[in-house]
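Model the full assembly from the supplied sequences, consistent with the hints where possible.
2 protein chains.
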Amino acid sequence: MTYCLSLLCREGIVFLSDTRTSAGAENLKVHSKMRIYDRPGDRLLCLLSAGNLSVTQTVCSFVEEDLAAGEGDAGQENLLNQQSLFTSARYVGNVIRRVAALDRTALLADGIGFDCNMILGGQIAGKRPQIFHIYPQGNSIHASPSAPFLQIGETKYGKPILDRGFTYETGLAEGVKYGLISMDATLKSNVSVGTPVEVLCYRTDTLTAGKHVWIEDRDPYLSDLRDRWHKGVISLVQEIPVPRWAGQ
Amino acid sequence: MTYCLSLLCREGIVFLSDTRTSAGAENLKVHSKMRIYDRPGDRLLCLLSAGNLSVTQTVCSFVEEDLAAGEGDAGQENLLNQQSLFTSARYVGNVIRRVAALDRTALLADGIGFDCNMILGGQIAGKRPQIFHIYPQGNSIHASPSAPFLQIGETKYGKPILDRGFTYETGLAEGVKYGLISMDATLKSNVSVGTPVEVLCYRTDTLTAGKHVWIEDRDPYLSDLRDRWHKGVISLVQEIPVPRWAGQ
Chain A
2 MTYCLSLLCR
12 EGIVFLSDTR
22 TSAGAENLKV
32 HSKMRIYDRP
42 GDRLLCLLSA
52 GNLSVTQTVC
62 SFVEEDLAAG
72 EGDAGQENLL
82 NQQSLFTSAR
92 YVGNVIRRVA
102 ALDRTALLAD
112 GIGFDCNMIL
122 GGQIAGKRPQ
132 IFHIYPQGNS
142 IHASPSAPFL
152 QIGETKYGKP
162 ILDRGFTYET
172 GLAEGVKYGL
182 ISMDATLKSN
192 VSVGTPVEVL
202 CYRTDTLTAG
212 KHVWIEDRDP
222 YLSDLRDRWH
232 KGVISLVQEI
242 PVPRWAGQ
Chain B
2 MTYCLSLLCR
12 EGIVFLSDTR
22 TSAGAENLKV
32 HSKMRIYDRP
42 GDRLLCLLSA
52 GNLSVTQTVC
62 SFVEEDLAAG
72 EGDAGQENLL
82 NQQSLFTSAR
92 YVGNVIRRVA
102 ALDRTALLAD
112 GIGFDCNMIL
122 GGQIAGKRPQ
132 IFHIYPQGNS
142 IHASPSAPFL
152 QIGETKYGKP
162 ILDRGFTYET
172 GLAEGVKYGL
182 ISMDATLKSN
192 VSVGTPVEVL
202 CYRTDTLTAG
212 KHVWIEDRDP
222 YLSDLRDRWH
232 KGVISLVQEI
242 PVPRWAGQ
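Residue numbers (the numbering used here), protein chains in the order written: chain A, 2 to 249; chain B, 2 to 249.
Since the hints were derived computationally from the structure, they do not count as laboratory data.
Not the full set, but computed from the structure, chain B residues with beta-carbon under 8 Å of chain A:
no. : residue
1   : Ser-190
2   : Tyr-222
3   : Arg-229
4   : Gly-233
Glycine residues also receive a C-beta, built at the ideal position from the N, C-alpha and C atoms.
Here you go:
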């Protein structure tokens with residue numbers, strides 16, 4: 002299972018992903034689900050992926066082959082020569098359709114879903130930062146100030162804290178904390194989502210990758226955040242009065 | 002959608018359910034999903050239901066017809082004349098199978114799943130309190146001190162807080178708070194789960210229904226709990242230091 006998350010705020014975008022790709026008892030593998038593409042000063046794009054590893058890797062292989070082909074041929078459409086983030090998301094959707102045309106029938110024939118959800122976000126010079134969720138069918142939706150985050154994979158355990166406190170006006174560094182708490186809730190309730198956690202913290206108008214970190218399970222900051230959150234939540238419950246009708 | 006929850010602790014059992022049965026835009030109905038059956042001094046049983054309303058109502062109608070038949074005929078097997086909670090749960094599973102034999106084929110033919118999950122819990126004199134999750138296939142599992150809660154319906158949003166703080170050693174009144182916070186997380190993240198919330202608070206060895214309350218959306222206690230939780234969680238995030246790498 003996978004959990005990837007992108008938080009859009011006025012100050013920028015936070016991208017987070019777990020790294021567990023197979024949670025069979027003897028098959029725990031660590032794979033990055035975050036790919037960063039930038040042309041500093043012109044654009045920064047980050048692509049998060051959830052689903053069947055073969056499908057998502059095939060999509061990314063095509064994206065990267067198109068980029069390589071684009072170096073020799075300016076006419077070759079690729080992820081980094083689109084006019085807007087909207088057309089970049091449509092481009093990724095078209096690559097997903099290319100993979101569907103190749104593999105979907107064979108997968109479905111064996112009862113394997115064509116499972117591929119992606120988040121693409123970032124900024125292109127002169128435009129505002131945006132994030133998109135691209136579906137297995139190739140279509141997409143984007144976030145907005147009133148619906149400022151997108152999730153793929155195991156999304157539910159980590160949603161309550163975001164619904165509770167994260168808004169478009171939340172600061173970028175505060176957004177990192179919300180993202181890590183959302184990730185931690187998911188790690189705790191679903192053992193098939195696992196550390197390390199990868200985080201990209203993009204600040205609006207910097208047009209370059211910014212802070213990209215890989216946080217191990219025993220990372221002192223992550224441990225401290227988890228510990229404060231765990232103890233804090235339990236104290237909060239204790240401080241709430243007992244309902245009269247449930248008293249001794 | 003539905004969310005029902007049962008929390009087993011040394012001091013007793015908390016049962017909670019929402020009451021929304023249809024969340025189509027013009028079709029919000031309130032139906033109880035909690036049924037309480039007791040013979041004070043001998044046994045207390047509580048049955049929570051999630052799934053297709055026709056299926057769950059048909060199951061409960063058969064349960065109640067068997068009870069009525071049992072009044073005239075002591076040999077008639079019913080929910081209140083079982084030897085143990087285990088056989089009570091098997092009995093409910095058999096009633097689900099009776100309904101499946103009647104309706105499952107017709108439902109599946111129109112693409113409607115035979116959706117029926119139930120929680121049965123309580124206590125029989127001389128035995129310990131127990132809770133069971135009964136599946137649409139009629140089989141069941143029970144909770145235990147190391148896995149002390151069961152959920153049916155929209156279960157994920159409300160799971161993190163339980164994983165975080167509720168244990169078999171949590172007090173009964175504290176359990177009510179955990180249950181209401183879990184319910185509130187679900188109400189907030191899924192609009193198709195709705196108030197009023199029904200709660201039954203059963204204390205071990207009382208062998209009678211105990212505190213059974215129906216909590217409206219504007220109930221002062223629920224409003225206060227929600228407000229304290231909401232503000233408390235946001236303050237907790239604010240108090241966590243920002244990671245060095247995400248600073249200004």
